[in-house]
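We have chain F; now place chain G onto it with these hints.
For the record, the sequence lines run as chains F and G. Take the first sequence: its letters are residues 8 to 559, numbered as in the working numbering. Take the second sequence: its letters are residues 46 to 217, numbered as in the working numbering.
It should be emphasised that the hints constitute simulated quantities derived from the structure, not laboratory data.
Okay, the calculated bits of chain F under chain G, using three or more residues with CB under 8 Å as the criterion: (1) 108-120; (2) 272-284; (3) 329-342; (4) 449-456; (5) 514-524.
Calculated cross-link-like contacts (lysine to any residue; reagent style SDA-like; alpha-carbon spacing at most 25 Å): (6) K519/F / T191/G; (7) K272/F / V91/G; (8) K89/G / D107/F; (9) K82/G / Y133/F; (10) K68/F / K77/G; (11) K450/F / Y208/G; (12) K145/G / F200/F; (13) K172/G / M140/F; (14) K230/F / E160/G; (15) K147/F / K89/G; (16) K230/F / D142/G; (17) K271/F / D127/G; (18) K172/G / R97/F; (19) K172/G / G100/F; (20) K342/F / N122/G; (21) K153/F / K172/G; (22) K349/F / E160/G; (23) K82/G / G111/F; (24) K341/F / D123/G; (25) K212/G / D520/F; (26) K145/G / T310/F; (27) K145/G / T202/F; (28) K230/F / M198/F; (29) K84/G / G67/F; (30) K145/G / P321/F; (31) K342/F / F356/F; (32) K157/G / Y233/F; (33) K77/G / G100/F; (34) K506/F / T419/F; (35) K157/G / L267/F; (36) K157/G / F356/F; (37) K87/G / I276/F; (38) K432/F / A323/F; (39) K68/F / T191/G; (40) K342/F / Y446/F.
Fair warning: this is a prediction, and the values are worked out from it, not measured in the lab. Ideal placement from N, C-alpha and C gives every residue a C-beta, glycine not left out.
Chain by chain, the residues run as shown.
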Amino acid sequence: MKYFFFTIFFSPVILFSQANITGNIESTFQFLNNDSIIGATQPDQKGLINSYMNVFYTQGKFKAGLRVESYLPRIQGYPNRFDGTGIGMRYVGYANDLVDVTLGTFYEQFGSGLALRAYEDRALGYDNLLDGMRLIVRPKRGVVLKGVYGYQRLSFQQGKLIYGEGIVRGVDGEINLNEAVKKLEDFPLTMVFGTSFVSKYQVDNDPDLILPKNVGAYGARAKFRYKNVTLDGEYIIKEQDPSNDNSKIYNYGHASVINLSYTKKGLGILLSGKSVDNMSYRSDRSKDLQDVLINYLPSLNKTHTYNLVSTLYPYATQLLGEVAFQGDILYTFKKGTKIGGKYGTSINFNVSTTYQPIKHTSGINPLDSSGVTYTSRPFDKSDSLYWRDINVNVTKKINKNLSFIFSYFNITINNDVAKISNDSKGIISSHVGVIETAYRINKTNSIRTELQGMFVEKENGLIKDKGNWATILVEYSISPSYFFSFMDQYNYGNPLESKRTHYPIITCGYIKDATRFTVSYGRQRAGLFCVGGVCRFVPANNGLTFSFTQSF
Amino acid sequence: MKIYLSFLIIFLSFSNYFAQNEIENNEAITKKLPSVKLKDYKGKVVNTAELGLKGPIVFSFWATWCAPCKKELNAINDLYSDWQAETGVTLVAVSIDDEKTKSQVAIYVDGKAWEYIVLLDPNGDFKRAMGVNNVPHTFLVDTDGTIVYSHNNYAPGDEEKLYEEIKKLSLK
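Chain F with its partners taken away, still in its complex shape (with noise of 0.2 Å):
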């Protein structure tokens, strides 16, 4: 009875419209062995599997969507947040040119972030999206109101969609000035503002202490473009919000981001600057990690792709405090000059560091019922080093078929204070040198090759943390099908003769307009890696992964 209605239902629609559907698989599947030199373990049910499929509905001005995902079990390294089959996003809409109204599941984001964002990273594991209701509002040109309400996704058990306990709200705001008043149409100083308040409502269920229910964060941001001058800035306070991130203290919160670019063809300068302090933001009080964060507080500093710089000592934010500043400069040497050559060749150099802020203390009394222990400023920086890169890039191709990239990297963190490594203390300080080599062998074939190598600066004679590594690979494609790869990272410098480790692994891959199947078998370690021309993230195991992949 139920299809005698679906189909009578769905008949004139599927007749009389015109619908639009988009949407995209993934699934990857493991087969793990055992594997005590490297710590990984055989699960019990020897295989893992992830998949998920998004289905985008749209016509006319109505919009559907859903995502089915599926955990039998989740693949070795995600996060213990996923687990059985079932529907993780679901929502109903209608968009014109002045309303666009969500109803369900939606991700967004005010500003850069610092207030709210709400967002997915499935390679990663992460997944904070509302659940709820969101409005947005386009009164004129370049006005841009947006209300939003909902429950955060915490985890998804049994097939089944979990919450955080609090609710969270918020409404933004922004103009462009250019656009919206006509005076200004042909100003040469672009201008945008914007203003945003979020709040979050958990029930008080503290025994000794009296907990704020409701808890805003405010602020505002605007940016500013003169010729190849931008300058752009986001000032964010958070409300009194004991929690156990930071101690259950009452003090307020604050971060900032600036950033100062000058760009024209063929350069590009950016400072930056970030503070932070007391920024945790959840919908719920008690967790921790990466759970239920309304606001997002990335690292400032480059993204190495590079797997012995961006997967052995990465930083992540203190969201507790720190004051971090970015340079980044690329040049192009033109063509047709000495340096530039026939193709041109650009450098690229990059520095970036965090800092530990100064907490002032003076006049404070931490155990009166105020519950402020210090006072802090933004940038207010002491001289505490968390994190330090210094890196630089050549980017040279000598013909139509071969081309080299140098790159060299110096990167110190602060292992205390941002865990990496459970075998060191204090700073660790690494060189890392790359040499890669991409040659065409005729229209359709080529070869890459990396060689990388780590070395770790000893203290007082001593080798820190695991010591010296080194990276070897070879990667064959043609275009526009098939690849192969073989990768080997050896950990020659490492203080244990027994963990002087191979990490070798091979990875084929089949490629067809927007379907893909990759077939790795070996070891790997945890980190953002780069095979066969895309980037995903992937955890340490030692096995069989395949993995599939579809757009449509």
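Okay, now just chain G, sitting in the frame of chain F:
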């Protein structure tokens, strides 16, 4: 009653089946370019479905941290003026960099002297709507806004296959 209903269901299913077949011929269910409002790297708001361009459009999803994406776009950049002159194609490079690396997009684009239209998709709205799993992913869109070809990878030489597809469109 039951028999009657069964027949009706079978009849309706068939009519639905034929209707769908008919539609496939008329291409009523197609993959059209989704409409998403994004900013270009200079801050101007644009609608992905109403870019106001004349010829075919290539959408290439990339990120500053994706080495093969940059290889692809740099390779095409060397050929781009010829491609434009011969086919009237426009390349739109959609950066999926989020706030962590978004500010580096303009530095890279201008530092490499790219001539493309560059859009920012920091929260993945357009990426999701287009069904992109991984970058690089390149789509070719005809003048009616229909997606006619897509490729999820980059190996040297792929740009030539893409160009063949673009030429097929400009011959139509």
